[in-house]
Amino acid sequence: MGEVIVVTSGKGGVGKTTTTANIGTGFALLGKKAIMVDADIGLRNLDVVMGLENRIVYDLVDVVEGNCDLNMAIIRDKRFENLHLLPAAQTKDKNAVTADQMGMLCRELMLDFDYVVVDCPAGIEQGFRNAIAGADRAVIVTTPEVSAVRDADRIIGLLEDMGKSGPLLLINRIRPQMIQKGDMMDIEDVVEILSISLLGIVPEDEYIVVSTNRGEPAVANPSSVAGQAYKNIARRLVGEEVPLMDIRSKETFFGRLKKLFGFS
Amino acid sequence: MGLLSVIQNAIGVQKKQKSKSVAKERLRQVLLRDRVDISPQFMRAVRYDMVAAVSRYMDIGEDDVKIQLYAGEYKVSLVADIPVLKIKHLARLQIDGNNKNGLV
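Respectively, the protein sequence lines represent chains F and Y.
Quick note: to get my numbering, add 1 to the position in the first sequence (first position is 1).
Quick note: to get my numbering, add 1308 to the position in the second sequence (first position is 1).
Hint data in this document are derived by calculation from the structure and do not stem from the laboratory.
As the structure is a computational prediction, the values presented were derived from the model and not from experiment.
Ideal placement from N, C-alpha and C gives every residue a C-beta, glycine not left out.
It cannot be assumed that every hint is accurate.
What the hints assert, rightly or not - Below, computed lysine-lysine pairings styled on DSS-like, alpha-carbon distance capped at 27 Å:
{"no.": "1", "chain 1": "F", "residue 1": "K182", "chain 2": "F", "residue 2": "K34"}
{"no.": "2", "chain 1": "F", "residue 1": "K12", "chain 2": "F", "residue 2": "K93"}
{"no.": "3", "chain 1": "F", "residue 1": "K95", "chain 2": "F", "residue 2": "K182"}
{"no.": "4", "chain 1": "Y", "residue 1": "K1326", "chain 2": "F", "residue 2": "K12"}
{"no.": "5", "chain 1": "Y", "residue 1": "K1383", "chain 2": "Y", "residue 2": "K1326"}
{"no.": "6", "chain 1": "F", "residue 1": "K182", "chain 2": "Y", "residue 2": "K1326"}
{"no.": "7", "chain 1": "F", "residue 1": "K182", "chain 2": "Y", "residue 2": "K1383"}
{"no.": "8", "chain 1": "F", "residue 1": "K95", "chain 2": "F", "residue 2": "K12"}
{"no.": "9", "chain 1": "Y", "residue 1": "K1324", "chain 2": "F", "residue 2": "K165"}
{"no.": "10", "chain 1": "F", "residue 1": "K33", "chain 2": "F", "residue 2": "K79"}
{"no.": "11", "chain 1": "Y", "residue 1": "K1324", "chain 2": "F", "residue 2": "K12"}
{"no.": "12", "chain 1": "F", "residue 1": "K12", "chain 2": "F", "residue 2": "K79"}
{"no.": "13", "chain 1": "Y", "residue 1": "K1374", "chain 2": "F", "residue 2": "K12"}
{"no.": "14", "chain 1": "Y", "residue 1": "K1332", "chain 2": "F", "residue 2": "K182"}
{"no.": "15", "chain 1": "F", "residue 1": "K12", "chain 2": "Y", "residue 2": "K1396"}
{"no.": "16", "chain 1": "F", "residue 1": "K12", "chain 2": "F", "residue 2": "K165"}
{"no.": "17", "chain 1": "Y", "residue 1": "K1374", "chain 2": "Y", "residue 2": "K1396"}
{"no.": "18", "chain 1": "F", "residue 1": "K33", "chain 2": "F", "residue 2": "K165"}
{"no.": "19", "chain 1": "Y", "residue 1": "K1332", "chain 2": "Y", "residue 2": "K1383"}
{"no.": "20", "chain 1": "F", "residue 1": "K12", "chain 2": "F", "residue 2": "K182"}
{"no.": "21", "chain 1": "Y", "residue 1": "K1383", "chain 2": "Y", "residue 2": "K1328"}
{"no.": "22", "chain 1": "Y", "residue 1": "K1374", "chain 2": "Y", "residue 2": "K1394"}
{"no.": "23", "chain 1": "F", "residue 1": "K182", "chain 2": "Y", "residue 2": "K1394"}
What the hints assert, rightly or not - Distance ranges between label pairs, derived from CB positions:
{"no.": "24", "chain 1": "Y", "residue 1": "M1351", "chain 2": "F", "residue 2": "G216", "range": "27 to 37 Å"}
{"no.": "25", "chain 1": "Y", "residue 1": "E1381", "chain 2": "F", "residue 2": "K182", "range": "25 to 35 Å"}
{"no.": "26", "chain 1": "Y", "residue 1": "K1394", "chain 2": "F", "residue 2": "L159", "range": "17 to 27 Å"}
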């Protein structure tokens, strides 16, 4: 029996879809049978981030409305053994799939897959509530910014109210140099404010833009620092003990000198 | 502490606060407020149960009960103003026992 993990954030643009793509691909690279479900109906994006946009025939709404079998809508990613995608509908609205239908779909997918990773829409409205309906665990994506952390706090409260306990925190787009200068909240600050367990950290990495351009998830690239961070995160989710990535940037001699004299 | 800040402290020139500390402090306060921003229905439910609980021990001016959440600087408080009309002596007897207070 598999596990359903929902990736959510409240605020848009913090990296939910990128995270879903990389965690899903990360599972497949670890030899787990995984499927990514795009629950952002009307604004689908997981297909393009994964480079699978030309392979879509049927979507999530077709399955729910009975226009096709579940298996007909599932796209198998030929580059990664064990990896699959169930795309969202682009033309329907956010309420085309109800919470009950989503729950049923997740239960069905759990029978076939080790991991079901659900990409949740931004916001706290019905679309969010529907997307999380079938989830066993939630991964909250945030960035070390006031607005993203505030929205994450809101989502954590809502998940608690809905009886989804133990959400895990993923802090994305960390800039070590800004943290060192005291111009970005560090990991401990964010964890302290939100007081939930930390799943992992992902440093800011230009390669994410390149990987999205190409439709190739960064986790498959050993030279991408964000990709490696996502690989660690996938390993932790399957139950491995992996230490937090060391994000401290290498100090230069001049930097140490400046610090000594208090200029940094 | 670097040399510069030692000198700055000595001559009373304060360094500008790091923006990370500003962010953290602002977040702390905004979340305190967000977390107490709850619906009137929710507060009505709390009020209803509080009135029922207190009424077991004293007669209260139910219509004048005021219950509100306040976000202070470091904590959130539930403040209740409940006018007491009369202590229920039977309840007091049951709890305090017959001998205490010389009541029969």
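Here's how the hints hold up against the structure:
1. For the given pair, K182 (chain F) sits about 42 Å from K34 (chain F) by alpha-carbon distance, which is inconsistent with the 27 Å threshold.
2. With a CA separation close to 22 Å, the supplied pair K12 (chain F) and K93 (chain F) stays within the 27 Å bound.
3. With a C-alpha separation of about 42 Å, the suggested pair K95 (chain F) and K182 (chain F) falls outside the 27 Å cut-off, and the hint is violated.
4. Only pairs whose Cα atoms come within 27 Å are accepted, and K1326 (chain Y) paired with K12 (chain F) is accepted, the gap being roughly 25 Å.
5. Between K1383 (chain Y) and K1326 (chain Y) the alpha-carbon distance is near 24 Å, which keeps this suggested pair within the 27 Å criterion.
6. At roughly 8 Å between alpha-carbon atoms, K182 (chain F) and K1326 (chain Y) fall within 27 Å of each other, so this suggested pair holds.
7. Using a Cα cut-off of 27 Å, the hinted pair K182 (chain F) and K1383 (chain Y) is violated, with the two alpha carbons roughly 30 Å apart.
8. For the proposed pair K95 (chain F) and K12 (chain F), the alpha carbon gap of about 17 Å is at most 27 Å, so the pair holds.
9. Taken as a hint, the K1324 (chain Y) and K165 (chain F) pair is broken in the structure, with Cα atoms around 42 Å apart against an allowance of 27 Å.
10. Taking the CA atoms of K33 (chain F) and K79 (chain F), the gap is near 15 Å; set against the 27 Å cutoff, the hint holds.
11. The straight-line distance between the Cα atoms of K1324 (chain Y) and K12 (chain F) is roughly 30 Å, outside the 27 Å bound, and the hint therefore fails.
12. Annotation: proposed proximity of K12 (chain F) to K79 (chain F) is violated, straight-line Cα distance about 32 Å (limit 27 Å).
13. Using a Cα cut-off of 27 Å, the hinted pair K1374 (chain Y) and K12 (chain F) is violated, with the two alpha carbons roughly 35 Å apart.
14. Between K1332 (chain Y) and K182 (chain F) the CA atoms are separated by roughly 15 Å; this keeps the pair inside 27 Å, and the hint holds.
15. A threshold of 27 Å between alpha carbons decides the hint, and for K12 (chain F) with K1396 (chain Y) the separation of about 52 Å lies outside it, so the pair is violated.
16. Only pairs whose Cα atoms come within 27 Å are accepted, and K12 (chain F) paired with K165 (chain F) is accepted, the gap being roughly 19 Å.
17. For the given pair, K1374 (chain Y) sits about 21 Å from K1396 (chain Y) by alpha-carbon distance, which is consistent with the 27 Å threshold.
18. Restraint check for K33 (chain F) and K165 (chain F): satisfied, since their Cα atoms lie roughly 24 Å apart, inside the 27 Å limit.
19. Taking the CA atoms of K1332 (chain Y) and K1383 (chain Y), the gap is near 16 Å; set against the 27 Å cutoff, the hint holds.
20. About 26 Å separates the Cα atoms of K12 (chain F) and K182 (chain F), which keeps this hinted pair within 27 Å; it holds.
21. Between K1383 (chain Y) and K1328 (chain Y), the direct Cα distance comes to roughly 22 Å. Compliance with the 27 Å bound is thereby established for this hinted pair.
22. Under the criterion of a C-alpha separation no larger than 27 Å, the hint pairing K1374 (chain Y) with K1394 (chain Y) is consistent with the structure, at around 18 Å.
23. The straight-line distance between the Cα atoms of K182 (chain F) and K1394 (chain Y) is roughly 62 Å, outside the 27 Å bound, and the hint therefore fails.
24. Taking 27 to 37 Å as the suggested C-beta distance range, the pair M1351 (chain Y) and G216 (chain F) does not conform, at roughly 50 Å.
25. Checking the proposed 25 to 35 Å range against E1381 (chain Y) and K182 (chain F) shows it holds: the Cβ atoms sit about 28 Å from each other.
26. Between K1394 (chain Y) and L159 (chain F) the beta carbon distance is about 43 Å. The supplied range of 17 to 27 Å is therefore violated.
Comparing the model with each earlier hint shows violations of hints 1, 3, 7, 9, 11, 12, 13, 15, 23, 24, 26; every other hint is respected.
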